Amino acid sequence: MPGVLWVPAVLGLAIVVLPLVGLLVRADLGNWVEHVTSPGAVAALGLSLRTAAMSTVLCLILGGPLAVVLARARVPGVRVLRAVVLLPLVLPPVVGGLALLYLLGRSGFAGHALDLAFGVRVPYTTAAVVIAQTFVAMPFLVVGLEGALRTAGERYEAVAATLGARPWTVFRRVTVPLLLPAIGSGVVLSFARALGEFGATITFAGSLEGVTRTLPLQVYLLGETDVDGAIAVSLLLVLVAIAVIVVARPRAVERAP
Amino acid sequence: MTGLRADFVLTQGDFRLQVDLRTEPGEVIAVLGPNGSGKSTLLDVLAGLRQPDSGVVAVDGMTLTDTAGGVRVPPHRRGVGLLAQVALLFPHLTALANVEFGPRVQGKDHTTARRWLDDVGAGDLADRRPRGLSGGQAQRVALARALAADPVLLLLDEPFAALDVDAAPALRGVVRRVLRDRAAVLVTHDPLDALAIADRVVVLAGGRVVEQGPTREVLSRPRTPFTARVAGLDLVAGTACPDGLRTVDGALIAGSGGAEINGEPAVAVFRPADVAVYTERIHGSPRNVFEATVTAMEPHGDVVRIRVAGGRPWVSGLAADLTVGAVAELTIEPGSRVYLAVKATEVRVHPAVADPAG
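So the sequence lines, in the order shown, correspond to chains F and L.
Sequential numbering from 1 applies to the first sequence in the numbering used here.
Sequential numbering from 1 applies to the second sequence in the numbering used here.
The hints are simulated quantities; they were obtained by calculation from the structure and are not laboratory data.
Model, not experiment: these values are computed from the prediction.
Ideal Cβ placement from N, Cα and C applies to all residues, glycine included.
Treat each hint with caution, since some may be false.
Unchecked claim - Only some residues are given here: those of chain L computed to face chain F with a beta carbon under 10 Å:
#1 F101
#2 R104
#3 V324
To be verified - A few chain F residues that don't get close to chain L, going by computed Cβ distances all over 12 Å:
#4 G30
#5 S38
#6 G196
Chain F on its own, in the form it takes in the complex (with noise of 0.2 Å):
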C-alpha cells in the first residue's frame, strides 16, 4: 500500500468522525437527561421505537419471501425486478414520501379508493409513518437475505431434496436456519434505517406530536426553537446507531452498499 494514501484516507474518516465530535462539543451534557426525557422527546421516542418495530416486522415477513424470490426464482426479468427493489436505497426519500402521497393520498388513486370504499385515510397517521418506513428500510434486509442465499447457494437444498423433504421443510428446516445470521443482521439494519427515517415520513406522514412525530422530526423541529434539545436528542440517536453497528457487524453492515 502506498503511504501516500494515509492523507486522503485520514481526511475521509475526519469527515466522518469530526461531525460528531462538533456535536459533542456543543451538547449541553449536564442537563442531557432532562432533555431527552422532556414531554416530547419521550413521545417521539416510544413512538419511534414501535413504529420501527412494526416497520421491521413488516420488511421481515414482505421482505424475507421477496428475497427468497429474487435469489431462486427462475423467471425472465428477475434482474430487472432486483433493481426496482434497489430504488429506494438510492432515491431521496423526500421523493418516495412523495410517491407514497400521491398512491395512498386523497389524490392518489389507491388512497381515493380506500377512501370511498373504507373511509380509510391513510396519510398523516402513524401508519403512513409505519409504511414509509418499510419503503425506505425493506431494502437493506432484501439485500443482505439475497446475498447470503446467492452465496449459500442451492446445494444444501438441492440435498434436503434428495433425501426426502419436500419444498416447504426444506425452506423450515434447511433455507431458513442457514440464513439465520443474515436475518439478524438483515433486522438489526432495517430497524436502524427505519429510526433514522425523516424525509419520507415528514412528506408523507407530516409531524404531529404523539401520531407522526418520530425522533428525528423531534431534532428538526427543535433545532428551530430549543438547539440543546435538538442536540440532546441527537446524540440519542447516534447512541442507538452505535448500538446497531456494534450488534450487526461484521456480516450485513460490510456487505450492504
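Fit chain L to the given chain F structure using the hints.
What follows is chain L alone, placed relative to chain F:
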C-alpha cells in the same frame, strides 16, 4: 424387475447430452469422462434436479421422468440419494441429526441413524458439528445420511476427489462395502474407483456415451483416447489393416489383431511400460518408432511417466514409463527430442467407435 434405465437427450446452449444407460438391479455403474463431458448433468437428471428435453428415466420399473407421458417426479419423491464431492452436511445440525434428517422428513423411524453412523465408521462423531469434522469424516457422515434416507438409487459424484490421500482409500473401502447390494451410479475420473466399486463402466465424452461395458473389459481394452488415458494405456486411432493399424495420415502401427477387422475403424493400444525411449534415431529394428518432443514428466509409482507431442497429431499425448536412472542417463527434460519405440508384439489393435471423441 429392472435396474436403472436412463434414455434421454438434454441440450443446453451448444452442449448436447445424449445418454442411453441400462443396468441390472443392484448393479453399480461407474461413469468416467473428462470435464465438461456431461457427467454431473447426467446425475442432475437422474436426481430430478434437471428435466431432459426428451426421454425416460426409470428405476426398478418405477418411472421417474417421462417427457412424452408428462411424468416428472420431483426430487423429494424419487428416492434417489446424492453424495457429492463435498459432504454438504447441514452446518446447523450435529452429525447424528444430519443422518436423522432423511428418515425424519419422510416420517420414518430415525433410530436407524446411529446404526448407519456406526456402519460407516463414524459412530464416535455423532454429537459433533460439521465444522469440527475433517473432510474424510464429513464424507462418511454424508454417506450415512444418504443411506439412512433409504434410496432406491444412490448417486455418487466424485465422492473421493476432495479427500486427501490418506482418507480416500478408507472411504473407498466403506463405499465398496455399503454398495454391495445397492444400485448406484458413481461419477469418477479415477479408474481405480471404477475397478474397486463398479460392475460396469460408462465412458462419456462430449455429451455422448462413447463406451460402456463390464469394468475390467472396458479398462483393459479401451477404445477412446480418454478411456486409454484414465486406464493408463497408450492409444492411437486409425483404420485396422492386416499388419496392424493405419493412421489417418497413412503411418503404419505394426501390431496384432488388425487382420480380423481389416478396414474397420480401430485403435492400437499399448502400455507405457512397453515403450522404449531413445535420444537418437534407431535403425533396422522391427519396431514402431515415433519421433516426438517431451512435454511433461511426472513420477508414477516407481517410474517416471513422460508425455510427448509430435509432428504427427496422433503422437501427441502418448506416454512412456522410464526408470529414474534411465531419465538421468538419457538426460531427458521437457523439450527434449526423443524417439519412442514399441515392439509390434506389444501393440494390440481393437475395434473402435467410428468417431472417438475426447
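How the hints compare with the structure:
1. F101: This interface hint holds because 6 Å falls under the 10 Å limit.
2. R104: holds (9 Å)
3. V324: Cβ of V324 of chain L sits 43 Å from chain F, so the hint is violated.
4. G30: holds (50 Å)
5. S38: holds (46 Å)
6. G196: Given a closest Cβ separation of 33 Å, the condition holds.
Checked against the numbered hints above, the structure breaks only hint 3 and satisfies the rest.
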